Amino acid sequence: MRKYIIKRLIMLIPVLLGVTFIVFLLMYFAPGDPVQMLLGDSATQAEIDALTHELGRDKSFWGQFFSYVGGLLRLDFGTSYFTKTSVLKEILTRFPNTVILAVFGCLLSVLIGISTGVIAAVKQYSIFDNIATAIALIGVSMPSFWLGLLLVMLFALNLKILPASGSYGPAYFVMPIICLGVNGAANIMRTTRSTMLETIRQDYIRTARGKGQTEWNVIMHHALKNALISIVTVIGVLFGNLLGVTTVLCETVFAIPGIGKFLIDSIGKRDQPCVMGCVLFMAILFSLVNLGVDILYSYIDPRIKSQYENASKVKKAAVKESST
Amino acid sequence: MKQKKTHGQFGEILYRFTRNRLAVFGVIVIGILIVMALLADYIAPYGFDEQNLAAAKTPPCAQYIFGTDNFGRDIFSRIIYGAQISLQVGVIAVAIGLVVGGTAGIFAAFYGGRADTVIMRFMDVLMAIPGMLLAISIAASLGPGLRNMMIAIGIASSPGFARVVRASFLTVKGNEYVEAARSIGASDAHIIFRHILPNAVAPVIVHATLGVASAILSCATLSFLGMGIQPPQAEWGAMLSAARSYLRTQPYMAIFPGLFIMITVFSFNVIGDGIRDAIDPRLKD
Amino acid sequence: MEDKKVLLDIRNLTVQYKTRKGTVEAVNNIDLCVNKGETIGLVGETGAGKTTTALAIMGLLPVPPAVIPNGEIFFDGEDLLLKPEKEMRKIRGGKISMIYQDPMTALNPIMTVGDQIVEMIVLHDRCSAAEAQTKACEILEMVGIPAVRFSEYPHQFSGGMKQRVVIAIALACNPSLLIADEPTTALDVTVQAQVMEMMNKLKRELDTAMILITHDLGIVAEICDKVAIMYAGEIIEYGTAEDIFDNHRHPYTEGLFGSIPNLEEDQDRLSPIPGLMPDPTTLPEGCNFAERCPYAKPECSRGAVMTSRLSKTHVCRCIMAEKEV
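Residue numbers (the numbering used here), protein chains in the order written: chain A, 1 to 324; chain B, 325 to 609; chain C, 610 to 934.
The set of hints was computed from the structure by calculation and includes no laboratory data. Please note: incorrect hints may appear among the correct ones.
Dumping the calculated BS3-like pairs for lysine-lysine here, alpha-carbon to alpha-carbon at most 27 Å [what the hints assert, rightly or not]:
#1 A:LYS225 to C:LYS695
#2 C:LYS810 to C:LYS704
#3 A:LYS123 to C:LYS630
Only a predicted model underlies this, so the values are computations on that prediction, with no experimental measurement involved.
Please build the complete structure, drawing on both the sequences and the hints.
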């Protein structure tokens, strides 16, 4: 198993290199010259040339790319054009806010999504099922930033029980987490319901009932555990999305200084090192989360686990045979 | 004879689809939106950038049923013009994603081996960036505007299409009738278009319909973030962005555009679900 | 014969499935009696209502759509249909257990086979986890699986081995009635005989009564004491193995035997029963088999056909038999 994890980590390297290249390519051709923006309209050509050289923007595309990758290998994501601080430092100071949002948003989604999904599946076509399914459908169709605005209007402006924006304490995170959680819960609820419906019809569920097992145990131990295999995949995708995308919107709506808001601000300022850093950082996180999900997967599903173990056994046997 | 059979299958699917009330509701809503968008010039009481500063910030009333914004523009008219943009982006972005991703998926599945590896590794790279983030990056690179936004959303959705197309292609390709066609010496193109495509197309249609929903959501998102449609063009996400400054005093400015995004996305979602259930009715009943 | 105690007595059982397309009459007014330690073969085509009958006994019918409008299922003198779910759970697995048709899907893929047996033991026997584990190992050995495979998962077993595990689960708590629903149809022919033989041996050792659902008359001849032939939800002929094999009276039973290749006689071709079973949502009036029956007369489709008792052990539902009595 450890071998498998190491192998997967090594396989991540070319993928991330590819991501770096694509992001770099995109930023290289992005319109607008940050030098012009930094110096303003009154700058002389000499000043422009000097700053262009200083930022390394006079090198060829490949020259710039390789010096960027070289920097990455030393964990150097470059420096911001505007604040002159290290991009990694800028990201890491904002990272906790984004992680809090993503983790709690995900937790809320999982708790609500799985529990309502299971109940809806067990009581298919009941009033609860119909209402929950309808709400979930609305939940996945609702733009999260609009939901954010509605929450602000309700809780901050009308009821005045929660602060509208900023990040000066736990209360400031309540609405953003609800905002993230609704969308995620709706997603997970739909997946849970449909996989549970499929699982409940399996023969081994009938076997469990035939043993005289209580309905609760049949659902929780036999059905849900099997259904989790599919649900976990969705949770992984959801967490990646929360980390990378939904937080962007939430942080923008609620003015929380996280990586997402930093990314959007940097795009606006044409601060390319920061944009690249943010996208790359999120891509790395996303890949690691997906890897974690795959590993979790193999712990739930013995069939997958034994596939890896068998594969390594077969390989070992083959190596032994060829060496003798 | 064969023609008749496929028609029968199609008829059966259509019948099952029409029995799904939610899906039919979705079709009706989208139908109304399309008509609204096409006839915007005749339906909309005002132009999308027709300002009437004297009537600025009027709450919903008989003259302005959804009220007016800070420039005195009629929100109802702007929503009608916004439908043009949303539907256009939804369809064209999905078409781009389908052409780019679909072609890649077909090549990968049909030729297999190295072509498959190279194409799918490239798709893995794109997939390593969460979809919306990729769209944001591409949009940042291309700059704002309708065309650039459609390209950004389309490209960002292409890896998903590549996967779906490849997967459904591979399952169909394994079927015996393809072997049979090959054994009688049919050409590659003939096999792809006559034998594989019609049978692989169902999951792709479902994915595309749901894709329209998420493309419309992406369009609104990008515009909300200021990276899509620029003012004074009327776009629902951009209208929401503008409404942010008036949440306290003019909440209706934020309610109606969001409502329309939601209804549109909801409708495409239920249509997609409806098609899926109609094609594969196992989970129903 | 009177000293044999009645274990299961089904009276007038009817099961219907209410669907949007109409009411499926899956089982119609059947009577069936199983004595202690006895083996009864339940024979019929796919869709004849055999599995529905089995699930009704287990109390595992999917409700909805299934409904039981009338009938009684007496087990040890008590009507199972009137028992509350809590008591049914004790009987299920403990007193009556079932072997399922497809061993490939009957086991939970993410639980070790050992744990699946232990689960059964813990539910019905008062014993510690360690004791249950020891007992599970013994049972595994009993069905011919080395106990070291206790902590392996179902996907690591072959079809025949999986069915042995299913049998081990079913027999783990010494049930007094075992319902085997086509236990060998999903297996390779070579494995079928092994599994059948083992099941029969264990059944005898444990003195368990068994309802064997099958459409394989060869197996029935080998191990069943009594045979019930089902057609379109009805038991159309019922008797001892001799009654059915040597002295069958119903045209359908006759047809069933005609469908088996006979190695001893030199036959050119099988004589299958023409036609299909009637649609269970719209059963014909009178005899369900009339449409396919070579001896059908106009009166077959008029009014209900009564069950006639041909001998102490042999009953038949056919107007021809009616006349004989």
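Okay, the hints, checked on the actual structure:
Taking the CA atoms of A:LYS225 and C:LYS695, the gap is about 24 Å. The hint holds against a cut of 27 Å. Between C:LYS810 and C:LYS704, the direct Cα distance comes to roughly 19 Å. Compliance with the 27 Å bound is thereby established for this hinted pair. For the proposed pair A:LYS123 and C:LYS630, the alpha carbon gap of about 22 Å is at most 27 Å, so the pair holds.
Checked against the numbered hints listed earlier, the structure breaks none of them; every hint is satisfied.
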